[in-house]
Amino acid sequence: MADALLTQSGHRELGFSSVTGYTHERLGRSAAWLHESRRVAVKLRELPGCEEALARGNITWKMAALLGRHATPEDEAIILAAARCSTVREMTALLADCELQREAAEEDEHGQRMCTVVRQVEVGTLWDTEVTRRIVAHLEGGDLGAGWIEPVLAEAMSTMQNAGVDPWIGRVGEDCARLLGRRREQTAAREQAEEIAEERLEAEGRTANDGDLELDGDLDDWPLPTDPVGLDAELRQLCAGLDNADAWLGGGLERFRRADGHTRLGYASFDHYTRERLGLGRSAAYLKMKLAREAERLPEIGEALRRGAVDQEAAMLVAVDKKAKGRRQSTRAGLATEGIRSPYRGGVARAGVEADVQAPTRRG
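Numbering (this note's numbering), first residue to last: 1 to 364.
For the record, the hints were derived by calculation from the structure and aren't laboratory data. Yeah, the Cβ is synthetic: ideal placement off N, Cα and C, and Gly gets one too. Do not take every clue at face value.
No farther apart than 25 Å at their CA atoms in a straight line, the calculated lysine to any residue pairs in the SDA-like style are these [said to hold, decoys possible]:
#1 Lys43 x Ala55
#2 Lys62 x Phe16
#3 Lys43 x Gly15
#4 Lys62 x Leu238
#5 Lys62 x Arg297
#6 Lys62 x Ser17
#7 Lys62 x His35
#8 Lys43 x Ser9
#9 Lys290 x Ala259
#10 Lys43 x Gly68
#11 Lys62 x Val40
#12 Lys62 x Ile78
#13 Lys290 x Val229
For each label pair, taking beta carbons as the anchor points, the in silico distance ranges come out as [unchecked claim]:
#14 Glu46 x Lys290: 32 to 40 Å
#15 Val229 x Gln186: 49 to 57 Å
#16 Thr263 x Leu287: 18 to 26 Å
#17 Val42 x Arg184: 26 to 34 Å
#18 Glu25 x Gln192: 43 to 51 Å
#19 Val42 x Arg307: 27 to 35 Å
#20 Thr226 x Arg182: 54 to 62 Å
#21 Arg89 x Thr226: 40 to 48 Å
Let's have the full structure, built from the sequences with the hints guiding it.
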């Protein structure tokens with residue numbers, strides 16, 4: 001639906017100069033969210049098996065987005081079968097290896113085959129790789145341009161200073177080695193905990209949904225409007241439903257976390273559970289939990305979300321504003337009790353009573 005609206009530049013016809021402005025004002029979402037949803041939906045049209053698996057709850061949204069980036073109609077069946085019995089982390093590593101073999105390009109000028117290696121690495125690792133490549137090229141007589149070593153040294157010094165390493169002492173190598181060692185140990189410990197949890201789930205029975213979700217009607221037979229106004233109305237209605245569902249989901253996540261449910265199910269951490277079981281990133285999960293807390297603290301916000309009167313972003317803004325007003329009112333009460341001039345009203349507060357001070361007027 002978002003693709004149909006943006007393809008015909010419907011946001012401009014509705015009076016919005018950009019997609020960001022439309023999604024922010026009409027849907028209460030970010031442009032990145034809309035573009036990501038559109039990209040996954042467009043890709044899944046070419047992968048009917050993955051689309052059906054997502055609709056029936058056999059794979060999560062994060063897994064569907066991953067398959068959409070890598071799968072093709074030719075290998076969809078085998079990749080989907082692997083996804084059904086793998087975690088997101090396992091599929092990411094598997095598809096990265098497949099990508100290395102698939103993306104073989106044409107031969108270069110020397111007659112050698114070239115390929116694209118797809119890997120997710122830390123910024124520091126990418127920087128080290130680039131510096132190493134330049135040094136090797138320099139030693140082989142390559143022309144790197146004048147002054148290339150200065151930014152390399154500057155970046156290295158800045159990195160060490162941010163890490164608490166003094167670049168001017170003689171023990172720079174030892175400090176860097178200890179710093180990198182601690183980072184490797186932390187990463188290895190986290191990955192080991194997740195692998196142990198996944199092995200336990202595999203042995204005791206994977207907790208992923210093996211059956212199909214009950215679907216209300218056939219989504220393929222749902223007639224979609226073609227004009228921007230109709231598409232906008234449908235998008236707003238769907239987003240209102242999502243906001244309402246997010247509040248309920250956040251409440252369930254909050255109770256699940258307090259009950260330490262991820263540990264009982266065998267997951268290494270709460271983030272590990274939300275990523276693998278629900279297909280939610282850390283920020284998305286905690287945002288939904290925060291929304292649920294605000295809806296519980298302020299029932300009028302929860303009711304407005306349920307009726308679709310406000311979107312998620314507006315609800316959070318109202319909650320923050322009410323918190324600020326509450327702090328101001330409590331501060332005023334405290335100042336009145338202390339007999340101090342209140343900064344929120346032009347007057348002097350004494351003995352719990354605020355008396356406005358009138359400025360003297362000039363008589364004619």
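Right, here's what the structure says about each hint:
no., hint, in the structure
1, Lys43 x Ala55, "14 Å, holds"
2, Lys62 x Phe16, "30 Å, violated"
3, Lys43 x Gly15, "29 Å, violated"
4, Lys62 x Leu238, "20 Å, holds"
5, Lys62 x Arg297, "31 Å, violated"
6, Lys62 x Ser17, "30 Å, violated"
7, Lys62 x His35, "15 Å, holds"
8, Lys43 x Ser9, "20 Å, holds"
9, Lys290 x Ala259, "17 Å, holds"
10, Lys43 x Gly68, "6 Å, holds"
11, Lys62 x Val40, "10 Å, holds"
12, Lys62 x Ile78, "18 Å, holds"
13, Lys290 x Val229, "32 Å, violated"
14, Glu46 x Lys290: 32 to 40 Å, "36 Å, holds"
15, Val229 x Gln186: 49 to 57 Å, "53 Å, holds"
16, Thr263 x Leu287: 18 to 26 Å, "23 Å, holds"
17, Val42 x Arg184: 26 to 34 Å, "39 Å, violated"
18, Glu25 x Gln192: 43 to 51 Å, "46 Å, holds"
19, Val42 x Arg307: 27 to 35 Å, "32 Å, holds"
20, Thr226 x Arg182: 54 to 62 Å, "58 Å, holds"
21, Arg89 x Thr226: 40 to 48 Å, "41 Å, holds"
Of the numbered hints stated above, those contradicted by the structure are hints 2, 3, 5, 6, 13, 17, listed in ascending order.
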